[in-house]
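Chains as they are written, first to last, in my numbering: chain L, 1 to 155; chain S, 1 to 258.
One should not assume that every hint holds.
Unchecked claim - Short, incomplete list of chain L residues facing chain S, as computed with Cβ under 7 Å: (1) Gly44; (2) Tyr124; (3) Gly127.
Keep in mind the hints are simulated off the structure, nothing from the lab. We put the beta carbon where it would ideally sit given N, CA and C, even for glycine.
In case you want the letters, here they are:
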Amino acid sequence: MQIEFTLNGRLIYEETSDDETLFHLLRRKGCYSVKCGCETENCGLCTVLVNGVSRLSCSYLAARADDCDVVTLEGVQKEAEEFGSFLAAEGAEQCGFCSPGLIMNVLAMEKELDSYEKEKVKEYLAGNLCRCSGYMGQLRAVEKYLSRGENRNEC
Amino acid sequence: MIKFKNYVKAESLEEAYNLNQKKSSVIGAGMMWLKVQSRIKMTLVDLSGLGLDGIEETDEEFVIGAMCTLRQLEIHEGLNEYFPGLFKECTRSIVGVQFRNGATAGGSIFGRFGFSDILTCMLALDTYVELYKGGIIPLEEFCRQKFNRDILVRIRIKKDGRRALYASSRMTKTDFPLIACCVSATDETYYVSVGARPGKAELTVIKRKEASGLKELAELAADHFHYGTNQRGSGEYRKHLTEVYVKRLFMALEREEG
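Work the whole structure out from these sequences, hints included.
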């Protein structure tokens, strides 16, 4: 079947099999930031934004993306670089395999939540697993990233 | 992983129902659980184009579309105002936000999964399911029914004045529950549902005057259920946890009553 959707701002017409997942389609289209860690919807590595909402592309049918707006890390390079610099500064990366999924979910969280209490943030990001960092560095980076506006004002 | 040959985005419930009458068809809701099953099907029937993804609030009830996501339940203002903290508590430990943005209320209820937090929660409320052919029936009755090829269209939660609280225990934060308990209360009655025993949630109704204290009432409630053993815990442990959680929920509800 043929679907039509926007991928990182570009209109795409693509042939897909009926049971193909969005994850596999995105990889075919060269979006290699999208990883598949568990394939059981637990790890959050495959997180992308569909119509602005964070979704697990490994369990999202490509057919359902018809007429949707899909954004991967490749489509938010500027924001990703900015948050990535906070991750680097906190030593929050080791292998980096989980970072694209984490970044996409942090960006979704930034838009969705109106305040960023620590527990709220931890709960929001509970679906992003990391096997090497132990999360503390990531949480420090997220906290600093989310409060960067306040710091600018203080300066 | 599930494989299928044809994807059909249903344009009407009648079309979805007719397609679903074949054993080779399956209804796709959030597809979170369906996707990890080792099944081969001819047709996947998608309900996402039928406008069943909203929550409507009236003076008498909440009407939840089958395709409404768990995240919508979690953050819906009306639900959280009428049942303070209840839906937030019963959804917040389900994997992560991305998962809850996909998993649907209809999929959780129709599946009648043994591990379901949602089923446990809704069972303690005055909840009904609206089936396309089967009409509107109480959720408790639906839980006892065998699986058939009808379609769950909506879930209706009546505003009957019950106050309700939820508690669960997990081995790790986003794992399946080891035990899940929900208690709702009216002036004279407690409605206690317990899921993840590890069987699907069941309900028991007890009158406040049936026992002298909350501890005794909790033990009485816990006695109504059968508990099993799996890798997460023994039946004995689950029963003990149920007594503890149900007592705590009784106490919390009493505190709310003042």
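Quick rundown of the hints versus the structure:
no. : hint   : in the structure
1   : Gly44  : holds, 6 Å
2   : Tyr124 : holds, 5 Å
3   : Gly127 : holds, 1 Å
Consistency note: the structure conflicts with none of the earlier hints.
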